[in-house]
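Use the sequences and the hints to build the structure in full.
Chains A and B are the protein sequences, given in the same order. At position 175 of the first sequence the residue is numbered 175 (the working numbering), and the sequence of numbers has no breaks. At position 38 of the second sequence the residue is numbered 38 (the working numbering), and the sequence of numbers has no breaks.
Accuracy of the hints is not assured; some may be wrong.
Unchecked claim - Straight line, CA to CA, 25 Å or less: simulated DMTMM-like cross-link-like pairs of lysine to aspartate or glutamate:
(1) K223/B with E178/B
(2) K204/A with E53/A
(3) K433/A with E286/A
(4) K361/A with E434/A
(5) K430/A with E286/A
(6) K137/A with D300/B
(7) K257/A with E53/A
(8) K66/B with D401/A
(9) K257/A with D208/A
(10) K196/A with D300/B
(11) K66/B with D106/A
(12) K309/A with D401/A
(13) K137/A with E299/B
(14) K137/A with D341/B
(15) K27/A with D197/A
(16) K257/A with D332/A
(17) K66/B with E412/A
(18) K213/A with E226/A
(19) K54/A with E171/B
(20) K209/A with D197/A
(21) K232/B with D136/B
(22) K213/A with E53/A
(23) K134/A with E270/A
(24) K196/A with E299/B
(25) K196/A with D136/B
(26) K54/A with D300/B
(27) K66/B with E416/A
(28) K66/B with E391/A
(29) K205/A with E226/A
(30) K222/B with E171/B
(31) K216/A with E265/A
(32) K204/A with D300/B
I should point out that these hints are in silico values taken from the structure, not numbers from a laboratory.
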Amino acid sequence: MSEPITAQTNAASADQAAPAPKPKRPKPKSMLLLNEQTQALFENARLAKERGEKVGWSASIFPQEIAETLGLNILYPENHSAGIAARHQADPFLQDCEGPLGYSNDLCAYAKVNLSYASALNNESTVEFPDGGKMVKPDFLLLTNNICNQLTKWYENLSRQMNIPIFFIDTCYNPSDYVTETRVRYVRAQIDQLIKDLCAFTGKKWDDKRFQKVMKISQRNSFLWERANSLMDHKPAPIGGFELFNYMSAMVCNRGKTSSTAVLEQLNAEIEEHIKNGTSTFPVDEQYRISWDGIACWPYLSHNLRTLKKYGINMVASSYGKAWAIEYDDLDGMARAYCFASTNGDNASTMIGRRMEALKKFDCEGTIYHVNRSCKVMDCQMMEVQRQISEQAGIPFASFDGDQADYRNYSEAQFETRIQGLVEVMAQNKEAKENG
Amino acid sequence: MADLKNNLSVLAEAYGNPRARLDYYLGQGKKVIGCFPPYTPEELVHASGMIPMGLWGGQTELMRAKSYLPAFACPIMQSDMEFGLSGAYRGLSAVIIPALCDTLRCMTQNWRFGVPGIPMIPIVYPQNRRSPASVDYLISEYESVLTMLSTITGQMMNEQALCRSIEIYNEHNAVMREFAQTANEHLDIVTPRVRHAVMKSAFFYEKSEHSAIVREIIAELKKLPAYAHPGKKVVLAGIMCEPDELLGIFEENDFAVVGDDLAQESRQYRTDTPAKGGGSLRRLALQWNCRTGCSLIHEDGKPRGEMLASLCRLSGASGVISCMMKFCDPEEYDQPYYEGDLRSAGFPCLSIEIDQQNTSYEQARTRIETFREML
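See the structure below:
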């Protein structure tokens, strides 16, 4: 997110008509550190631009460590679009994109928001920036397609629109259960070439010692992120699962930075403190533990949370955030890890295997699938995945129609009804279990 | 003229009844491999002694496919899945699925679990074609496909066979390009529906057989005097332009199709496999790296608009009909740019939605009529 989105701030904006809003819980120190980090990201990019340095935009699962080693300032369109959507500011961008810019309504809403934002930066659109245009105009693009193929097309268009180069690592879809060695060789060759090309373009020099250091920081951060997620296996879970979504910017935008280490160490300490004290930030008693499949429904995060809270449902496992826990220890390892990071780039067996592991580890009683209208790669095999996981895990699921950034693709009534149905089955299962 | 009519009707029949073509080859004791669109490496199937047959969906009621794909998935994939689940593709020894878009990625998995009786062979083409390593990577993908094909035939493909298949495919490319050009002098005979039938029928023939028929058609056409088409001439852009009801509306409005960049038609024939460059697998990989102006292949600069404008100039077309495959995101990203480039070049563009399951074309008819008046 361009600014951290907390469940509290979302709830506050959506609940304006509520009679007596509860006083806000003070933000934990980890969140304050995250806010500082996010502000620094945008401010540093702005200052770099002022100094005449080249600033880039990057796909969210690009090997961020490369740019970090070169000391480049990079911003993340997917993250920024999510922030715009979560703050209910997406509408003018969506209208502009589907209207004057001529794009189809069918496309990814992250892309639509960003393509319109980029048009405004390029003086081709009159949409006003809700954030002062802090997503400064890029001089180059860093692209990987491990998340989806739409990113490739989206960045092609940005490149043409702003006449800037794309530095691309094609990570290749994995129909096999592993990353084939020929993929590793292809991706490694691209990484080597990209480093050379990026140095030539930006005038920066590659420093292998610096890379080793960044890699260690990145590995430490991946460990801390994974650990924070893992601590959700305690019962009751020490925090509300949706809160972890808020910390994703530390991994998405700042994976190779020590500032993320500080944020995540603090987050881990806060979670451990809750475990020690038997407390939780989840505001009601944890009745049910579920996993969440898919990207957050950012425009309705507060409604999702309120509905789940009503039934004491805590989201203790998510398929999404863990995509950024990327582990490796050299450039070959980096090539392999980035090919295998996102389950969007992996076959259904790998996806099902990872989901089953999480359901078991976190003792989930159900799964909620977000049928995200923006994301065909997540939706077009979801039904088969649901069938297999439900059968193997023996737990119920509910799916709902939503969108990661387009507020028009969601129905509060549908979400509530689906969750109600899920709760009924989970309650029956719980009762049957208790009665032996 | 009798031969011409007969040949055109043979191809129209094949186009109208692919199942009969499948049964014909099965009856000959041939094995047939289903080829999902687009760019399936048919040469590998051909060189393995089997018949590659295109799977481009069709008109059907979607029932079983709804258990695998959401309503906003590509209509070709929806109907391919339906045909797979319903048994319409019974007899195929395997299918090859190129994971060229997000929906195709998922189709590899849906097919694998949903239609276990017809094995799925995936291929993942490289998208960073500026990287020299993409060639070796693609060769390894081809080798994986060949390994899986050899489990069906029990035989290993050899270099000589692949060289011969590449020749046959290059010849077919040339024949189809010549047909498209010759047809433009005979638009009274090669109407939009006839042109489409000739183009699409290629997916249901062994390619040297198809080349032979189309060569005869070209020869017969060349014997006839050139025809001056009184109506408007257009170029088609997109993945495909179906079904016949839609093409019939072009004819009602005196539109002639004089060129296309459709993935199902001319786009596949634009790029030959180079005669030199190494072994046959390497040459095939080099062909991939030479393809240009396709929404499904990453390329800098978005050259498609200029390519379409140039095609209009060469063919005498006065505009472009953008055949937007419903829910096809790669095409949807290209559309604003190529349409903008066409407008800048002075060529108007009409966008119509393509959905094989559509049953009403009134809206399209009105739009096409308006476009005719505008031109």
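Proposed proximity, E270/A with K134/A (alpha carbon, max 25 Å): Between K134/A and E270/A the Cα gap is close to 31 Å, so the pair fails against 25 Å, i.e. violated.
Agreement of K430/A and E286/A with the hint, judged by alpha carbon distance not exceeding 25 Å: Holds: K430/A and E286/A sit about 13 Å apart, inside 25 Å.
Distance restraint between K66/B and E412/A, which requires alpha-carbon spacing of 25 Å or less: Since the Cα atoms of K66/B and E412/A sit roughly 24 Å apart, the hinted pair holds (cutoff 25 Å).
Restraint check for K196/A with D300/B, where alpha carbons must lie at most 25 Å apart: holds (19 Å)
25 Å limit on alpha-carbon distance, applied to hinted pair K232/B and D136/B: Not satisfied, since the Cα-Cα distance of roughly 46 Å exceeds 25 Å.
Restraint status (C-alpha distance of K223/B to E178/B at most 25 Å): holds (15 Å)
Hint consistency between K209/A and D197/A [alpha-carbon to alpha-carbon, up to 25 Å]: holds (19 Å)
Agreement of K361/A and E434/A with the hint, judged by alpha carbon distance not exceeding 25 Å: Distance of about 20 Å is within 25 Å: holds.
Pair hint outcome, K54/A versus E171/B [Cα-Cα no greater than 25 Å]: Violated, because 49 Å separates the two Cα atoms, which is more than 25 Å.
Distance restraint between K66/B and D401/A, which requires alpha-carbon spacing of 25 Å or less: The given pair, whose Cα atoms are some 15 Å apart, holds under the 25 Å limit.
Pairwise hint evaluation, D197/A against K27/A, where the allowed Cα distance is 25 Å at most: violated (43 Å)
Straight-line alpha-carbon gap K257/A to D208/A, limit 25 Å: This hinted pair holds, its Cα atoms lying about 16 Å apart.
Of the numbered hints given earlier, the model fails hints 15, 19, 21, 23, 29; all others are met.
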